[in-house]
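Trainee: Chain by chain, the residues:
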Amino acid sequence: AQSVAQPEDQVNVAEGNPLTVKCTYSVSGNPYLFWYVQYPNRGLQFLLKYITGDNLVKGSYGFEAEFNKSQTSFHLKKPSALVSDSALYFCAVRVVGAGNNRKLIWGLGTSLAVNP
Amino acid sequence: NAGVTQTPKFQVLKTGQSMTLQCAQDMNHNSMYWYRQDPGMGLRLIYYSASEGTTDKGEVPNGYNVSRLNKREFSLRLESAAPSQTSVYFCASSEGGQAYYEQYFGPGTRLTVT
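Residue numbers (this note's numbering), protein chains in the order written: chain A, 1 to 116; chain B, 1001 to 1114.
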């Protein structure tokens, strides 16, 4: 079955340290992958996506993600975390279902806490 | 440019009552979506509209109806609210299909059904 997983419910990191939020997937065909962020009491905001091309994708707010086909992963990274990065992060992946129907499936989210 | 707006922000309903959640976008996007977000369940698609005049069921459509009133507006109706529909509801829009284009989300409606 096609799926996306965020193996960590919560990630804690000290301000100024690098952060990684993990995402793995299992899909048929070429994966289209997305990261979104949700700040408290707000809607989700798009961070970045991988469709094709360079495996390292740069996005908003200094975030980047690395597409690794062999490990079927798309981990979100930032070299130096800020307290304001504390939020809920969602990974999503395109799947192609019956009748060539394309849709997104969402991970359950990872709560990132950046400690001052 | 307000992006995606939703009304109301909060609502409390009694079981069996009906209500409509309103959503509008000013980005001239073709596609619009309704999601619900519940703790431990992530984001689940209720209905979507790929383009003006079309609507399709998502993952959890039971108990809901939608109307794509025009290109800007996409409403979600609960005909007979149930406690299981207590959730945070998000409307979103995108230039094209969700599987390729980034989505823009509204601020959400927090609904409680007692």
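A portion of the hints provided could be inaccurate.
[Claimed, not checked] Part of the chain A face toward chain B, derived, beta carbon under 10 Å:
1. Asn41
2. Leu44
3. Lys49
4. Ile51
5. Phe63
[As the list claims (entries may be wrong)] Only pairs whose alpha carbons sit at most 20 Å apart, straight line, appear in this in silico EDC-like list of lysine to aspartate or glutamate:
6. A:Lys22 to A:Asp9
7. A:Lys103 to B:Glu1059
8. A:Lys49 to A:Glu64
9. A:Lys58 to B:Glu1102
10. A:Lys103 to B:Glu1079
11. A:Lys103 to B:Asp1026
12. A:Lys49 to B:Glu1095
13. A:Lys103 to A:Asp9
14. A:Lys58 to B:Glu1052
15. B:Lys1009 to B:Asp1026
For the record, the hints were derived by calculation from the structure and aren't laboratory data. The model shown is predicted, which means the values in this text are computed figures rather than measured ones. All residues carry an ideal CB built from backbone N, CA and C; glycine is no exception.
Trainee: Tell me, in ascending order, the numbers of any earlier hints that this structure violates.
Mentor: 5, 10, 11, 13, 14
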